[in-house]
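**Student:** Below are the chains, spelled out letter by letter.
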Amino acid sequence: MSAVIAVEDLAVRFSTDHGEVEAVDGASFDVRPGEILGLVGESGSGKSVTAMALLQLIRKPGRIVRGEIVFDGRDLCRLSEEELASIRGAKIAMVFQTPRTALNPLITVGEQVARLYALHGGLSSAVSRRRAVDMLRLVGIPEPERRSRQYPHQFSGGMCQRVMIAMALASAPRLLIADEPTTGLDVSTAARILDLLRDLGRDTGASILLITHDLGVVAATCQRVAVMHAGQMVEIAPVRALFARPAHPYTRALVRSIPRADREVTMEPIPGAVPSLLEPPPGCRYVGRCPWVEDRCRREKPSLSEHAADHLVACFAVEDRRAAV
Amino acid sequence: MPLCEVQDLQVRFPLRGLQAWLRTLKDGAPPVVRAVDGVSFAIEAGTTLGLVGESGCGKSTVARSLVRLVEPAAGSIRLDGTELTTLDDDAFARVRPSLQMVFQDPTASLNPRLSVRRAVEEPLKLHTDLAATERRARTDAVLEEVGLGADLAERYPHELSGGQRQRVNIARALATNPRLVVLDEPTSALDVSLRARVILLLEELRSRHGLSYLFISHDLATVRYLTSRVAVMYLGVIVEEAWTAELFAHPAHPYTRALLAAVPVPDPDAKRDPFVLSGEIPSPIDIPAGCRLRARCPLARPVCAEPVPVREIAPGHRVACHLV
Ligand SMILES: Nc1ncnc2c1ncn2[C@@H]1O[C@H](COP(=O)(O)OP(=O)(O)OP(=O)(O)O)[C@@H](O)[C@H]1O
Ligand SMILES: Nc1ncnc2c1ncn2[C@@H]1O[C@H](COP(=O)(O)OP(=O)(O)OP(=O)(O)O)[C@@H](O)[C@H]1O
Ligand code: SF4
Ligand SMILES: [Mg+2]
Ligand SMILES: [Mg+2]
Chain A
5 MSAVIAVEDL AVRFSTDHGE VEAVDGASFD VRPGEILGLV GESGSGKSVT
55 AMALLQLIRK PGRIVRGEIV FDGRDLCRLS EEELASIRGA KIAMVFQTPR
105 TALNPLITVG EQVARLYALH GGLSSAVSRR RAVDMLRLVG IPEPERRSRQ
155 YPHQFSGGMC QRVMIAMALA SAPRLLIADE PTTGLDVSTA ARILDLLRDL
205 GRDTGASILL ITHDLGVVAA TCQRVAVMHA GQMVEIAPVR ALFARPAHPY
255 TRALVRSIPR ADREVTMEPI PGAVPSLLEP PPGCRYVGRC PWVEDRCRRE
305 KPSLSEHAAD HLVACFAVED RRAAV
Chain B
2 MPLCEVQDLQ VRFPLRGLQA WLRTLKDGAP PVVRAVDGVS FAIEAGTTLG
52 LVGESGCGKS TVARSLVRLV EPAAGSIRLD GTELTTLDDD AFARVRPSLQ
102 MVFQDPTASL NPRLSVRRAV EEPLKLHTDL AATERRARTD AVLEEVGLGA
152 DLAERYPHEL SGGQRQRVNI ARALATNPRL VVLDEPTSAL DVSLRARVIL
202 LLEELRSRHG LSYLFISHDL ATVRYLTSRV AVMYLGVIVE EAWTAELFAH
252 PAHPYTRALL AAVPVPDPDA KRDPFVLSGE IPSPIDIPAG CRLRARCPLA
302 RPVCAEPVPV REIAPGHRVA CHLV
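Protein chains in written order, with the working numbering: chain A, 5 to 329; chain B, 2 to 325.
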């Protein structure tokens, strides 16, 4: 089964007044048909920049310095703006964290969704308006007919997020990128958005890249998880393996650092801080925080290698330990 | 005697704008938002009470009325036996040092033009009559305590990370040696690793100084970690209150059950309680009679339209539901 999108050695840099920031440093991963892949990591680890790179939306002072992003047999990094325009929003769609500001306050919600149907499906305005109401119903807006005539300010935060998802789905995308779609929503609302994403994956066959820093969200929603630290991809594993047998020292620390609602735990914060991306350590970027650090880690970059079936880890110490057994 | 005792607290907000005007014509009286509609709880010295519930249920309004940022319409707030609601401004100002608050947004609550040191010193100037040298000593001590070293003291908010900013807010709240600190979502704006540190810091400060907290959060995992009791609010009232372990093990109110069932836990094999509520939270302007959860509750029966009694179903475990 070939991947919907395959990212190989992606690197993104920003020029700043203080120097070059390498926000993404050689990330490789793929998203498979129909799956929900979680992308997790601390704030500033490069999750959103990675998502923007997939859509070729990195703008100055940023640029993609290397890597390829293969979608539909083509490297997105080599396409023209026109070719990209036919993919962006159509075959790859995105939902952002702040739904209310992404909606136009002056146009009714139904009209905003309908316009997208008219655009992508070439439908008449009457038909696209009906489709919009159907879609609002699908994403769980109560009384969709009446609600479609209302304006965004009459919707709660959770309902705006549903509308954003309805809009993203208007073009029947093959890949939906959701960047923190539940952050800031309360528990019950967030749970319903996650249920919705899960069902959509199943019903429409769309693959989803779900960006979050909530491991609970990952466990409840994703099939596989990719973990980022300071711009480097450190571990990719099926969700069960990641929680049962986290291998990378960063993932292990991440899992131990969260309180849980379902049982008593002792919490240990991750030691140290995310390194500065202005002058990051030349090898593994976890060296300053890592209990297992070796000499080699300071000089060379570990790359993702197979640790167990379908379980990739980028760490020299993990490799050595595996070789020792 | 509990350190803080709140009884039958009520807060109303008048509604403004065209819609409010239209309703006034129709109903003959101006509409009000009953944001807090008869809330009672007590916090023992040295303990933490968690306050949880859906967005808009009135948690922040409770917090803000404790520190007099909003005026209650009715009810009593006692701190160490002193009734606060009837105090005049001067008398309240004398109580204020022992009652502090930390807000959700660490950035918005700091003055960008004050250095860390001056931000922490400010409440000492406002609420105490310490001399300049004593203020300085106290400021250094508090900064040290929240883990902000001397090198950070001269920095300005924009030169700090989110976690450091929230530490400054905590230091400000602690500077006056409060008895009770109201924490309104102090960790929500922080990312995973910073959140863990702030949680551990709060817990350490509480046990070292015998502080009491009212801890408001959407994050039930953190609530479980930090609190000894939890009160669950729905649409302006408390529907359940219990010891933390008891509440998480045996949630009794249908709203609490649904809330706990919705929390995603970091375990892909966790069995999810399929208990869910339908619909959206009603507006606090048109509060339904009887149980407020009635229209959304899968267990609702005709009796639920009657006023709901609060019953104690186990020691210290109180529930407001006809069917429990
Ligand atoms: N326009 C820009 N100019 C300079 N640096 C940038 C720019 N955009 C992002 N960065 C840097 O790239 C790094 C990665 O940022 P990114 O937004 O991808 O993090 P994230 O993992 O999404 O974090 P969060 O969880 O906080 O959303 C950060 O260090 C950030 O400061
Ligand atoms: N100044 C105000 N004027 C009018 N209505 C208000 C005001 N402050 C709060 N409200 C209303 O009172 C109700 C309770 O609000 P409150 O902020 O206390 O909720 P909350 O439980 O803290 O929610 P969240 O979890 O979203 O912070 C809401 O319906 C809100 O819209
Ligand atoms: S490669 Fe080295 S520094 Fe990086 S995580 Fe592994 S042991 Fe630690
Ligand atoms: Mg981001
Ligand atoms: Mg609030």
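Heads up, a few of these hints could be off.
Unchecked claim - Residues of chain B clear of chain A, computed beta-carbon distances all greater than 12 Å:
#, residue
1, E146
2, D192
3, S194
Unchecked claim - To give an idea of the chain A side of the interface with chain B (calculated C-beta under 8 Å), a few residues:
#, residue
4, V25
5, S47
6, H217
7, F247
Unchecked claim - Chain A regions said to be covered by chain B (calculated; three or more residues, Cβ under 8 Å):
#, segment
8, 79-85
9, 249-256
Treat the hints as calculated values from the structure; they're not laboratory data.
Only a predicted model underlies this, so the values are computations on that prediction, with no experimental measurement involved.
We put the CB at the ideal spot given by N, CA and C, even for glycine.
**Student:** Now, for every hint given, state plainly whether the structure supports it.
**Tutor:** Structure-based check of all given hints:
no.	hint	in the structure
1	E146	holds, 17 Å
2	D192	violated, 4 Å
3	S194	violated, 4 Å
4	V25	violated, 16 Å
5	S47	holds, 4 Å
6	H217	holds, 5 Å
7	F247	holds, 6 Å
8	79-85	violated (count 0)
9	249-256	violated (count 0)
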